[in-house]
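**Q** Given chain A, put chain B in place with the hints provided.
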Amino acid sequence: MNLSLALQIQNVSPDVNLLLILPELIVCTAGVIVMMVDAFARPRQRWMTGGLALVGLVAAMAASFWMWSGWAGPREAFHGMIVLDELRLGFTFIALLVSALTVLVSMVWVEGENLPAGEFHSLLLFATSGMMLMASGGDLVIIFLGLEILSIATYVMAGFRRTDLRSNESSLKYFILGSFSSAFLLYGIALVYGATATRTGLAGTTNIAEIANRLDVSLYPPLLFAGAAMMLVGFGFKIATAPFHVWTPDVYEGAPTPVTAFMAAGPKAAGFASFLRVFVFGFPFVATVASVQGQIHAAWLGALVVLAIITMTIGNVGAIVQNNVKRMLAYSSIAHAGYALVGFVAAGATGDPVFKSEALSSVAFYMLTYAVMNLGAFAVVTLIARSGDRRTDFEDYNGIGFQSPGLAFTLSLFMLSLLGLPLTAGFMGKIMVFRAALNAGYYSLVVIAVLNTAISAYYYLRLIIVMFFRERTTSWSAPRVPASVIVVLIITVLGVFYLGLFPNRVLDAFKTRPPAVMATR
Amino acid sequence: MLNLFFPALVFIWQQAPGGRMSDVSNSITHPDISKFLVIGALLFIIGVAGVLTRRNIIVIFMSIELILNAANINFIAFSRYLQDTGNANAVAGQVFTVFIIVVAAAEAAIGLGIVIALYRNKETIWVDEIDLLKW
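From first to last, the protein sequence lines stand for chains A and B. Just so you know, we're using this note's numbering here: the first sequence kicks off at 14 and counts up by one. Just so you know, we're using this note's numbering here: the second sequence kicks off at 105 and counts up by one.
Since the hints were derived computationally from the structure, they do not count as laboratory data. Hints may be right or wrong, so weigh each one.
As the list claims (entries may be wrong) - Here are some chain B residues pointing at chain A (derived, C-beta under 7 Å):
#1 Ala-145
#2 Phe-148
#3 Ile-168
#4 Ile-171
#5 Leu-172
#6 Ala-194
#7 Gly-197
#8 Lys-226
#9 Ile-234
Said to hold, decoys possible - DEER-style ranges, computed between Cβ atoms:
#10 Gly-419/A to Arg-158/B: 25 to 33 Å
#11 Lys-238/B to Arg-399/A: 22 to 30 Å
#12 Val-195/B to Leu-474/A: 52 to 60 Å
#13 Ile-143/B to His-92/A: 28 to 36 Å
#14 Gly-217/B to Pro-435/A: 42 to 50 Å
#15 Pro-366/A to Phe-203/B: 31 to 39 Å
#16 Met-61/A to Gly-217/B: 21 to 29 Å
#17 Arg-224/B to Gly-64/A: 28 to 36 Å
#18 Arg-224/B to Pro-87/A: 46 to 54 Å
#19 Gly-217/B to Asn-127/A: 14 to 22 Å
#20 Met-61/A to Arg-224/B: 25 to 33 Å
#21 Ile-143/B to Pro-435/A: 54 to 62 Å
Quick reminder that beta carbons are idealized off the backbone N, C-alpha and C, glycines included.
Bound conformation, chain A alone (with noise of 0.2 Å):
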């Protein structure tokens, strides 16, 4: 036995291509080298941290659109661990773009805090790069490392004002439920493991594309859906659906406010990607309703389509009684991660391509929109919380409309794209994740999300309100806006009248090509 194995070791290669993680690796890099340009650089030079890791995003980004344009080599690489489909390039521009904007709002906000900027900077991108992994892992054991290097430098970020306490709070509350949902998730990737030994003799496996083929010869298929249930609850817990929404307020709103930006809009984000391919390609729809396939995919989905519903309720519902725009924010991220639940259903519902793929680039596509709309939102939040984030209840906006009429305007604009307002990206956004729930059957669904929708016109609209209709009763000045924060909401509002005016572009990026059309390009 000892021989074969040395035979069977031998004879495979190790199938590097290093091309194909080029992106993560220019990340991994910049984190590094800020780390030490932070470690040997005199104080007055440290403010090149934040230029030195916006010099790697926009790096790493312009390799992911190389990839995303011209890409002619494999698709995979070290067999298979390492996937390059669209659905992970689409997230990889998410991570990066979300990242990017993070460092220009957090840029001139860590100086005034007194807060170690490399720090910062180097534990931002190398959660950036557990994102990229989380998009980009073809194996289970890729999306669980990089959900790991994502959580571990998030946790740290969400505590970085180390003397708040309520900074302090937040993050250990964050690291609790994070490192206990990962835990449910390990626990069912190990079921999933031990399930997918098959009957002919093949040892289990962790990759996704593997887990797909072994379901109907699986040794142990009551373990497979046990192990399937635990990663639901894992990812659940991630992406802050409902009943494992409730670290969500609680850490958004103690975490610094850019923190907290970046909290909402890049992990969601990377959890919805890797929650997207371990389930709709690991277990795929299958026709024949009566095999173990059959029978787990329509146990996901079902559980989903309850998932869906009960996360938009209970964010938009939750977010009508807060009085504080933080906690507001974080129940609306909420109900965003239902709508966006939405169209993963309609993309676990199909088995034809086409329709598969128009549902995966909608949900890509709605991460993308609240990312920008989200960002926006925060920055503007930050300006105003000022130092300590002491101002972030609904009072301290009070009648600040006329006072900071920029401010106020771009504000308004993201809480209309928010809410969905025509013409904004959250429409668009909006209008494809529910497009495509309709072409997979789901009415009922749809109808609940649009009825949601509804309901959450009270809070955003109630903000615009207080800012414009309200008397100020203390006194105000208006903050000053950097320059960078400036480049922010140029960004963002360009983005969101982008993104809702002409979505087609980014959408047709999104979408899977046929390998025919990769091959003529």
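**A** Leaving out everything else, chain B in the frame of chain A:
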């Protein structure tokens, strides 16, 4: 008397097919995979119950480690079992375990760091007293 001191042994004795001593010793020296899966499941349940009911942060951390180790035991058990049934390639589970151990160490370091930061501001490690943020 044996019942008092070795209830588990008596249980195995009664469960063994035919109840013969050789079977008992055989199931102890060569336990099959289900025993390990049961141990994993028990550790998982103890861990989840600990996270949900305990109020001391350190104990909660330990409970989370228990869940991670439950997953480790499952991975190792499956991996060894599949190797014994003739598949030499079933090492993926053992490799995964190494990753989990490394990640668990990193998580423990971060978690204790967070607790120390919290303890400096508010001298408590009881989660009931950490109640600044709530709706």
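**Q** Hints first: check each against the structure and report whether it holds.
**A** Right, here's what the structure says about each hint:
1. The closest approach between the C-beta of Ala-145/B and any C-beta of chain A is roughly 9 Å, which is over the 7 Å cut-off, so the hint fails.
2. A least Cβ separation of about 6 Å between Phe-148/B and chain A falls short of the 7 Å threshold, and the interface hint therefore holds.
3. With a least beta-carbon distance of about 5 Å to chain A, the hint placing Ile-168/B at the interface is held under the 7 Å criterion.
4. Taking 7 Å as the C-beta contact cut-off toward chain A, the hint placing Ile-171/B at the interface holds, the least distance being around 4 Å.
5. Checking Leu-172/B against chain A: minimum C-beta separation of about 5 Å stays under 7 Å; hint holds.
6. Because the beta carbon of Ala-194/B sits about 3 Å from the nearest beta carbon in chain A, less than 7 Å, this interface hint is met.
7. With its C-beta approaching chain A no nearer than about 6 Å, Gly-197/B sits inside the 7 Å limit, and its interface hint holds.
8. Residue-level restraint check for Lys-226/B holds (minimum Cβ-Cβ distance to chain A is 6 Å; threshold 7 Å).
9. Below 7 Å, beta-carbon pairs count as interface contacts, and Ile-234/B has one with chain A at about 5 Å; its hint therefore holds.
10. Between Gly-419/A and Arg-158/B the CB atoms are about 50 Å apart, so this pair departs from the stated range of 25 to 33 Å.
11. At about 24 Å, the beta-carbon gap between Lys-238/B and Arg-399/A stays in the expected band of 22 to 30 Å.
12. Separation of Val-195/B from Leu-474/A is about 58 Å and conforms to the stated range, judged on CB atoms against 52 to 60 Å.
13. Between Ile-143/B and His-92/A the C-beta distance comes to about 31 Å, which sits within the given range of 28 to 36 Å.
14. The hinted range of 42 to 50 Å is satisfied by Gly-217/B and Pro-435/A, whose Cβ atoms lie roughly 48 Å apart.
15. For Pro-366/A paired with Phe-203/B, a C-beta distance near 33 Å keeps the hint of 31 to 39 Å intact.
16. Judged by the Cβ atoms, the range 21 to 29 Å given for Met-61/A and Gly-217/B holds: they are separated by roughly 26 Å.
17. Evaluation of the 28 to 36 Å hint for Arg-224/B and Gly-64/A yields a pass: the beta carbon distance comes to about 32 Å.
18. A hinted range of 46 to 54 Å holds for the C-beta pair Arg-224/B and Pro-87/A, which are about 51 Å apart.
19. Checked against the hint of 14 to 22 Å, the C-beta distance between Gly-217/B and Asn-127/A comes to roughly 19 Å, which is consistent with it.
20. Checked against the hint of 25 to 33 Å, the pair Met-61/A and Arg-224/B passes, with Cβ atoms roughly 30 Å apart.
21. For Ile-143/B and Pro-435/A, the hinted distance range of 54 to 62 Å is satisfied, since their beta carbons lie about 58 Å from each other.
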